[in-house]
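Q: Sequence:
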Amino acid sequence: MHSLLCAGVAAVVDQLTQPRFSAAVEAHLLEAVRPISELNEAVIAETKTRRPKGRREAEMKFEMIVGRHLRAGEIERALADCAALGPELIGAR
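Residue numbers (numbering that gives the first Met the number 0): 0 to 92.
It is worth saying that the hints were derived from the structure and are not from the lab. Among the clues, some could well be false.
[Unchecked claim] Think about it this way: if two alpha-carbon atoms lie no more than 25 Å apart in a straight line, the pair counts; the simulated DMTMM-like pairs of lysine to aspartate or glutamate are:
1. 60 - 37
2. 60 - 30
3. 60 - 73
4. 60 - 80
5. 60 - 40
6. 60 - 25
7. 60 - 75
Since this is a predicted model, take the numbers as computed values, not measurements.
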């Protein structure tokens, strides 16, 4: 039983440490998400340390939805969500 558990843990660790995307895909994804990231940083800098409640909620929603697609390897859906949620982030300033 112990060796079976160890083998299972080793398999999970192996899956977690393997890259999900090729370097080219990862570079493309980072380039596509950069404007949203820069916008997020600009808004945070603008509002200093205190962000309105709506802004926090919009950021959490963005991170949850886009992050879920990225972790699943669904790059196209993540990019579509970036485009769809961008106006919501801008409006939540």
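Q: Between residue 60 and residue 75, is the straight-line Cα distance small enough, at 25 Å or below?
A: Roughly 18 Å between the alpha carbons, so the hint for residue 60 and residue 75 holds.
Q: So if I understand the rule, the pair passes when the alpha-carbon distance is 25 Å or less; does residue 60 with residue 25 pass?
A: Holds. Residue 60 to residue 25 sits at ~22 Å (cutoff 25 Å).
Q: Decide if the proposed pair is consistent with the structure: residue 60 and residue 37, CA atoms, cutoff 25 Å inclusive.
A: 17 Å, holds
Q: Is it true that the CA of residue 60 sits at most 25 Å from the CA of residue 30?
A: It holds: about 21 Å lies between the C-alpha atoms, which stays within 25 Å.
Q: Holds or violated: are the alpha carbons of residue 60 and residue 80 at most 25 Å from each other?
A: 11 Å, holds
Q: Given the hinted pair residue 60 and residue 40, is their Cα-Cα distance within 25 Å?
A: 16 Å, holds
Q: Given the hint that residue 60 pairs with residue 73, test it: the Cα-Cα distance must not exceed 25 Å.
A: Holds. Residue 60 to residue 73 sits at ~17 Å (cutoff 25 Å).
Comparing the model with each earlier hint shows no violations; every hint is respected.
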